[in-house]
Amino acid sequence: MTTPERTEVLTGVRVRGLTVAGVPSGAPIVDSVDLDVRPGEILGLVGESGSGKTTLGLALLAYYKRGTQLAGGSVAINGVDLAGAAVRRMRGDAVAYIPQSPASALNPALRIRTQLGECGGDDARVREVLREVALPDTDVFLRRYPHQLSGGQQQRVAIAMAFLGRPDLIVLDEPTTGLDVTTQKHVLETVRKMCATYSCAAVYITHDMAVVAELTDRIAVMYSGRVVETGPARTVLRSPQHPYTARLLMAVPDLDGRREIRGIPGHAPSPVRRPAGCAFAPRCPLVVDRCRDEVPALEDGVRCFRAGVSRFEVVERVEVPVVSADAALEVRGLSAWYGSHQVLEDISLSVPRGQCVALLGESGSGKTTLARAIAGLHPRHGGEVVLGGESLPPSGLRRTPLQRRRIQYVFQNPYESLNPRKTVRELVLAPARVLLGKVPDGLVEDALSQAALSPELASRYPDQLSGGERQRVAIARALAAQPEVLVCDEVTSALDVSVQAAIVELIAGLRERKGLTLLFVTHDIALVRTVAQHVAVLEHGRIVERGPVAEVLAAPEHPYTQALMADTPRFDTSRFSQ
Amino acid sequence: MVRLAVKRLVFGALILWAVSVVVFLATAALPGDTAQAILGREATPERLAALRLELHLDDPLVSQYFSWLGGLLTFDPGRSLVNGLPVAEFVGPRIVNSLVLMLTAAVVSTPLAMFLGTWSAVRRDRAADHVTAVVTLVLAALPEFVVGITLVIVFATGPLRLLPAVYVGTGQVTFVDLVLPALTLVLAVGPYIVRMMRATMIEVLESEYVQQARLKGLPERTVLLRHAVPNAVGPVAQVVALQLAWLAGGVVVVEFLFRYPGIGYALVDAVNNRDLPVVQALALLIAALYIVVNLLADLVSLVANPRVRTAIR
Amino acid sequence: MTAAVAPASLLRTAARTGRTRVGLVLVALVVLTALLGPLVAPHDPTDFVGVPFGRDSLFGADNLGRDVLSRFLHGGQLLLVLSIAATVVGVGVGTALGMVAGYRGGWRDELIMRIGDVVLAFPQVVLALLFVSIAGPKVWLLVTVVGLSHAPRVARIMRDATLMVVERDFVKAAEVTGTRRLRIMTGEILPNVTGPLMVELGLRLTYSIGLIAALSFLGLGLQPPTADWGLMINENRIALTVQPWAVVLPVVAIAVLTIGTNLVTDGLARASAGLGRGVER
Amino acid sequence: MSATSTRRDVLRWAVAGGAVLLTGCGTQAAPGAAGGPPRRGGRLRAGIVGGSAKDSLDVHAPVTHPDEARVLQLYDSLLCYDTDFRIQPALAEEVTPSADAKTWTIRLRQGVEFHNGKAVTAEDVAFSLRRIVDPAKPQAGAVGLAAIDPAGIEIVDPRTLRLNLRTPDAVLADQLAQYNNGIVPIGYDPKKPIGTGPFAFGSFEPGQQSTFTRNPKYWRENEPYLDEIVIIDFPDDTARVNALLGGQVDVIDQLPLGQIEVVRANPALKVLDSETGAWTPFTMRVDQPPFDDPRVREAFRLIVDREQMVKQVLGGHGVVGNDLYARFDPAYAKDLPQRKQDIGRAKELLKQAGKENLTVELVTSAVAAGLVEAAQVFANQAKAAGVTVNVRKVDSGEFYGDNYLKWTFAQDFWFTRSYLPQTAQGSVPGAPYNETHWSDPKFVDLIAQARSTVDEKQRAELIKQAQRMEYDSGGYIVWGFANQVDAHSVRVNGLVPDRSGVPLTSYGFRRAWMSA
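Chains as they are written, first to last, in my numbering: chain U, 1 to 578; chain Z, 579 to 891; chain A, 892 to 1172; chain H, 1173 to 1688.
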C-alpha cells in the first residue's frame, strides 16, 4: 500500500490488452483490458452480471473455460509472462483462485486433507494456514469431506487452499455470495488479513459496491467486457468519472437512509450484441453521437468521451412520517413445520393498509416460509392468517377464488417464476383467467404498463427478456389479478444492483399510487429503509424485533438486529462525498 | 446407513414376492401344462392323465403356489416337475456358470469401457473420440447373435480354430469355453458404458471442482485420476448395474448360441417344459440379481461419492 | 440469450450439429426404404423365385426360395410402425405416471415407483417372452408389452425431470392462483420437460426397434410369412455363411436405423442440455 | 432279398435262421466298403437336435430326439427294421401269428445277455410288455400294443412266450419292432438303465450330454466297433452346426437345409442323405367347417403344388406325396393317379361348396423341421385359388397344449410306418392321434378286417380299398416325404442311408467306426 509509484513495472500483476473471445462466435467477452495490481494491494473488480468479470478473473490465471479462448494481450506476474508452459507451474504457486461457490469447487469425493495437501506445503504448513483462516487444524477436521462443513468453513478452506502456496496473485470471485452478513464480515476480514500477511496482489471480483468500498484499495469497473473506469477506490467512489459508474453508485441502497436509490433504465448488452460504439451508450443519459460510433479508449482511468460530465448525485431522502392505518393483513400466532422440524414459532404480524412491512431475516430464518404460509403455499401451519377481517384457510386450494385473488405473490427469482414455455401475454393472463372469471379487455396491456413495460413485450417469451423485465412481468402478472396485498419474496435478490433499484422504485410507486399493501421479504437490511415503513426482524423462526423502520434501524434493541446493522458493509457516501 | 440398507432390503424382499406372484400367475397362464409339455407329440389323454397325477398337477393353483412359497421360505425351492431333481441341485451349477460368465463379462467390460469412455471424453471432438463414438454406436446397434456368430466364424469354425465354437461338456466350464460367450457379452454391454462414461466424464470435467483442481496447477493426470474419475464412477455405476441386470436377460441369446450351460438356457428350456418350480426359481433369481446389482451400484456410488450419503434420505 | 425451448426449436437446435444431421439422414434412409420399398420391390414378398438360399438374383433367395431383396424392401414398414407405436405407448404412459409420481408425491409416488420396480426386476426380453408366450404373438400385445416394459424406465426419468420443474416457482405461482392440478401438469410442467421427453422418445424408439427385432428374431414377434426384418434374420441366420444377404440386409438396416436414432437422440440430449445451461451466453 | 417278399415270408425266413440274420436290422452292404475294414475303438461324439431338462433314459418313454438316440444305444426290441424298412428279427428269433391273428408266439434268441450279465428270458419280455401297456401308466408304445392283454401273456418256456390278444392283430410285428418297445429286465429302473443294446450306460446329464460305453457281449457279431459314444443335446441349430464345423462333434443329425452346401463343400465332412417315408401332412378336421365338406378337402388337395413344396420347403431333398402315407408298405397304392395342382378345379369345387373366397387359419409350430416353412408355401399357393390362409405360429407348449389334436387346420409329422400301424395311430376313431377326426364306418370296417387278416394278399387288397377312401376324402394332405439329411466327419464310417426317418441310420452307432 505504500509501494512507490515508480516501481510498478516489475512487481505485481500487469495486464495489457487482454482479450478473451467466445468460441465460435469470436465475440470478445473480455475486451482489451489493462490492469495493474501491486503486491499487497486489493483490486476490486466490479461489474454486473454478464460484464465478463469472472472470465477476466480466470484469464488472469491463464485459464479459459470451454467456449472461450485467449484472443490477445498478456498477463505478467512480477515480470514473468503467464503463458505457455509456465502456467501450470505458476498455478497454485504464483497464482491462486478462490471460487465463487466453494460448495461446487471443492471436490465432493475427496477429504479436506487431500485437497489441501495438493496445493503444496507439508502437513505443518497446512495446519498453519488453517489456523490463519481461523479453522480448526485437527485431524478430525482434516478427515472431513466438503459436505460436512458449513458454507463459511468451505469458503475458508478455499481461502486456505489459495494461500498455501504463498501466491503472488490471488483472484477471489465473489467469495462471499450466499453467506450471511456476519460470516461475510469474517471472511472479508480473513481475506484482508491474509492478503496483508502474504503481501500478495489480490483481485476481488464482486457486484457489491458496499463490499468494494469496505475492502479494496483500487477499483476497476467493468461494463460489457470492458474496464470503463479504474482508479483508487476512494477516488472512484467519491467522484466517478464514467456515467455508468455514477449511475451504478446511485443505485446502491443506503443503509443509513440518507439517500434515495435510482435504477438505470435498460440492461447491459451481451458481448455478441454489443453496440458498435460505447457499450453503455444506449442507457447513457449523456450520450452524444460519437458515443454510438466509436469505442472510447481508456484514458486517465476512464473509458468515456464525456468523462467527468456526469457526477454522483446524492438525492436526499425525505423520511415520510408513518401514519396509522387499519390492518389489511394480520398474522396471529402462526407456527409452521417442515416435516417434524418447526420453522416458525408463534408469529404475529400486522400489515397496515396501504403501507409496506419489511420482513427481514437471513437465510434459514423462516421468512420465505412465512410469506408462503400467508399466500397459502405452505398449508402445514397453525395459527391464523386474517385478510380484511376474514380468516383464511391454511391451504390455498381451500381458499375461495376471491381470497386467493386478494393476496398476490411475487417470487424471488424471475428466472424461475415464469414458465419459459408461455408468452408474456399468457403468463399475465393465467391468474386472471382462474381468479377473475371474465377477463376484461386490455387487461394485459394495462398490467404491463403499470409494471412499466411496453405492451409490445406481450408476444415475447421470458427467455427473450432481461432479468429486470422478467421481474416486471411477474409483478404485472400479480397486478392483473387486482390484488389488495402484494407479497414480495426477495424480489430483487436475483437482480443486479441497477435493476434492483428500478424494481424497488416501481414497487414503492405502486404502493403510493394504487394504495397496495405490501409485505416485502428481504435479507438486505439496506433495502428495508428505502422500501418499508415497518420492519419485522426474523431470527430462527421468531420475530425478535419489530417497529417503524426509522426507529428500529436507528436504535436496534435486539442483539441480532444490532449485529446485522454492525456487520453489513456500509456504502457510506458521506465517507467519500464531502 | 443401516436403516437405509434395511429399508432397501425389505423393499427388495417385497419386490421379490410381487415378482413371484407375477411369475406364478404368468406361468400358470401359459397355454399347455407341464405334462403336455413333457409328452409333447406323445400327449395322449391316458398318458397325460397318468403323468398329471404323478406330478400333482391336478392340485389347485393356490395350493401349488403356497406349497412352493412355503418351501422357498425354508430354502427349499422344491423339485423340478420335469426331471424330479431338487431345483437347487438342478439350477445351482447353472447359476454358478451364468454368474461366472456375467462376472467375466462385467470384469472385462467395465474397466475397459470406463477407460475408453474417459479417454474419449479427454479427447473430446478429436479423431480418437469420433472413432470410439462410431465403433461403439455400431457395436451397440448390432444384435448379440450377429456379434456372436461373427466371432464364431472368426475364431472357431473358420480357418482360425483357436477356440471352441460351442460348449460341449457336462456343466463344468473351463476358461476356453468362456472366451467367446464372454467376449460377445462384452461387446454387447461395453458400448453403453463407454458412452455413459464419456458423457459423465465430460460433465465432471466441466465442473468447478475440476476447474479448481486445474487452477491449483495439478498435472492433468492427477486432475483426471484423482478429481474427475471418482466423481464419474457413481453415476456410471448405475449404468453398469443396469447393463449387468440386462445381462441376465441378454445372456439367454448368448447362452443359446454357444450352448452355454447357464440360467438363460435353463430358463427358456423350463418355459418350454412349463416346469413351474424351475421357471419361478430362475425368474426370482434374475429379479434378485437385479435388486442385488442395484444395491451394489448404490453402494459403489456411496463409496465413490461421500456426498450421496447425505443426499439419500 | 437463447430462444424459447419448444420441441420444434429443440429439434432445430439439435439439427445444427453434424452428428444429428448424419443421424437424420440415416433414419431417413431406412424410413424411405421401408416406405417406398414395397413400391419398387421386383417381386411379391411371398413369391418363390428360386431354390432355398439360391443365389440367382441380386441378393439371392431366402430359406423358402423367396427373393431376399423384395422381402427386405417389404420388411421394414411393420417394424417401424410397431416400434413407433410401442414407443408412443411406453413414453406416454411413462410420462403420465412419472409426472403424477413427481408432482403429487406421497403414496402415489411410492405406489407407482414400487410397481415400476417390480416391472424393472424383469429383463425386458424375459418380460416380453413371458407375455407373448401366454397370449401368442399378436401385434397389439407386442406393442403393449414392449411399450409397458418401457414405461417404468421412462417414468423414472420423467419423475426426476418433473421434480426439477416442480421445485420451480412458476409451478407455485400457478398453484397460488388455484389452477387445477391436471392443468398444472399439462400446462406448466409438461412443456418444461420436453427436453428429457424428446430424449426418452429417441432412446425408447431405439430400444423398441431392438426389442421388437429381437422378439421377431426369437420367433415371438410377427407371424410368417410376413416379410419382417427381425423374422428374416431368424429364418435365414442358419445359412449366414451360404447366403449372407438374407441376414446382412436386415441387420444392416436395423443397425443403421438404430445408429441413426441414437445420433438424433444424442443431438437432442445435447441440445436440451445446452439450452438448459445456455451455450455461450 | 426280392422286393416281392412279404413280411410273413420274412418272419418265416427268420425261423430258418442263419448267419446273415445275426447282422439283423442293418444294411447288407459291407460296412467298410469305403474306408477299408472296420476299425475297433474310438469315441464318437454325436450332436443331436433338441434335448432338454425333460430328457429321459426310460426305454418306453423317450420324449426328445436325444432320448431316441440314447434308447437306441441302450436297448433292443424283439424285432427291428432294416435300412429298407423291412422287419428283421432282433431279440426274437421267431415271431409267429396264429391264423386268426389272435395269438402270437415269440421265440427268443439264444444266449443274449443284459448289460448286467443276466440272460434275457421270456419273463423279462413279459415284464417289458406289461410295463408298456400298464393301464395305470401307459407308455409311448401302449397304443400300438393295445391288443395285448397283460393277463393273456403266457410263458411257455424260458425262451418262448405266447401272447393271447384281445383282438386280432395281424401286424403286431410292426409294433414289436418299434424302438420304444424295447426289452428290459424284470425290476427295470430307468435311473439305472439296463438293456441289451450295443452300448451300456455311462453317464447322463439331462439337457446336456450322456455317455455310453461299448457292450462287449453284444449279441450281433463284431458290433459295436466304438469304445464310447457321447450324445450331446443341441436345441439350437446354429450351435449344432458350429460344433460340427468346429470339430467338437463327429456327427450331427438334421443338417439344416441352409448348411447342406457348406458341409458338402467341406472336405472334412460328409452329408448323409436318406430317402424316407417320413411325412409332414396338413391335417384338416373332417368334422369341422369348412372341412366337413369333402369338396373343400379335395379342393385344398388340388391347391397344393407338390413339386414346388418339395423344392421350396425341402430344397429338393424329398419326393412328392400323393395324399397317402406308408409309402414303403408293400400294399402301398402305387396305382392311384398322382394328384397334381389344379387351381381351376379347386376353385370349381369351392364354388360348388359355396366356399369361395374362403379364409382359414393354419396352426403351425416349429416342432419338426419344415412345418412352418410348408405352411408358408401352402398359404402362398392358396392365394391363386382365392383362399386366404392365415398362418398362426404357436410355440410347442401351446401346440401340444389343450387344443392339441383339436386344431381345425394344422400340421403334424410322422416317421416311416407301415399302413395298418399308422392307421391305428392316427386314422381310426379311438386312435390316439386322430387329428383329422376321420371316422368313416366303412373305412373302420376295412381296417378292422385287414388287421385280422393274416393272408398278405387279401390284406393288401383291403388296405388298397382303405387307401382309396383316404385318397378321395380323407383329412390329410400328404404333399411329400422329406429326406433325412444328417452330416458327419469323414472319419466316421459305416453310417448309411436309412428309410425310417430316424436320423443317422436310426442312430445306428453300433455299426459306425472311426478311421484313424
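Simulated from the structure, these hints should not be mistaken for lab results. Among these hints, one or two may not hold up.
Claimed, not checked - Now the stretches of chain A that chain H is said to cover, found in silico as 3 or more residues with beta-carbon under 8 Å:
(1) 936 to 947
(2) 950 to 964
(3) 1121 to 1131
Claimed, not checked - Computed beta-carbon distance windows for the label pairs:
(4) V584/Z / S395/U: 52 to 58 Å
(5) V709/Z / A919/A: 56 to 62 Å
(6) A134/U / R704/Z: 44 to 50 Å
(7) P321/U / W998/A: 52 to 58 Å
(8) K514/U / V584/Z: 55 to 61 Å
(9) L873/Z / T114/U: 38 to 44 Å
(10) S363/U / V709/Z: 55 to 61 Å
What the hints assert, rightly or not - Here's a subset of chain U near chain Z, in silico, CB distances under 7 Å, partners left out:
(11) Y64
(12) Y97
(13) P99
(14) S104
(15) A105
(16) A109
(17) C119
(18) D123
(19) T423
(20) R425
(21) L429
Remember, it's a predicted structure, so these values are computed and weren't measured experimentally. For every residue, glycine included, the Cβ atom is placed at its ideal position computed from N, Cα and C.
Query raised in the report: Would the hint on Y64/U stand, with a C-beta cut-off of 7 Å toward chain Z?
Result: This hint is violated: Y64/U lies away from chain Z, its Cβ roughly 11 Å from the closest one there, beyond 7 Å.
Query raised in the report: V584/Z and S395/U, beta-carbon distance inside 52 to 58 Å?
Result: Given a distance of about 35 Å, which is not inside 52 to 58 Å, the answer is violated.
Query raised in the report: Against chain Z, is T423/U within 7 Å by beta-carbon distance?
Result: 32 Å, violated
Report task. Go through the hint on P99/U and say holds or violated, using the shortest Cβ distance to chain Z against 7 Å. Result -> Nearest chain Z Cβ about 6 Å off; hint holds.
Query raised in the report: Counting residues of the stretch 936 to 947 of chain A with a beta carbon closer than 8 Å to any beta carbon of chain H, are there 3 or more?
Result: Contact hint for the stretch 936 to 947 of chain A vs chain H: holds, 6 residues under 8 Å.
**Report entry** Supplied contact hint for A105/U, tested at 7 Å Cβ to chain Z
**Finding:** 4 Å, holds
Requested in this report: So, D123/U near chain Z? Judge it on the closest CB pair being under 7 Å.
Outcome: Because about 17 Å separates D123/U from the closest Cβ in chain Z, which is outside the 7 Å limit, the hint is violated.
Query raised in the report: Taking the beta carbons of A134/U and R704/Z, is their distance inside 44 to 50 Å?
Result: 46 Å, holds
Query raised in the report: Counting residues of the stretch 950 to 964 of chain A with a beta carbon closer than 8 Å to any beta carbon of chain H, are there 3 or more?
Result: holds (count 3)
Query raised in the report: Per the CB criterion, is L429/U less than 7 Å away from chain Z?
Result: Violated. Min distance 38 Å.
Query raised in the report: Holds or violated: is there a CB of chain Z closer than 7 Å to the CB of Y97/U?
Result: Holds: closest Cβ of chain Z sits about 4 Å from Y97/U, inside 7 Å.
Query raised in the report: Do P321/U and W998/A keep their Cβ atoms within the hinted range of 52 to 58 Å?
Result: The hint (52 to 58 Å, Cβ to Cβ) holds, given that P321/U and W998/A are roughly 56 Å apart.
Going down the numbered hints, you'll see the structure goes against 4, 5, 9, 10, 11, 18, 19, 20 and 21, while the others check out.
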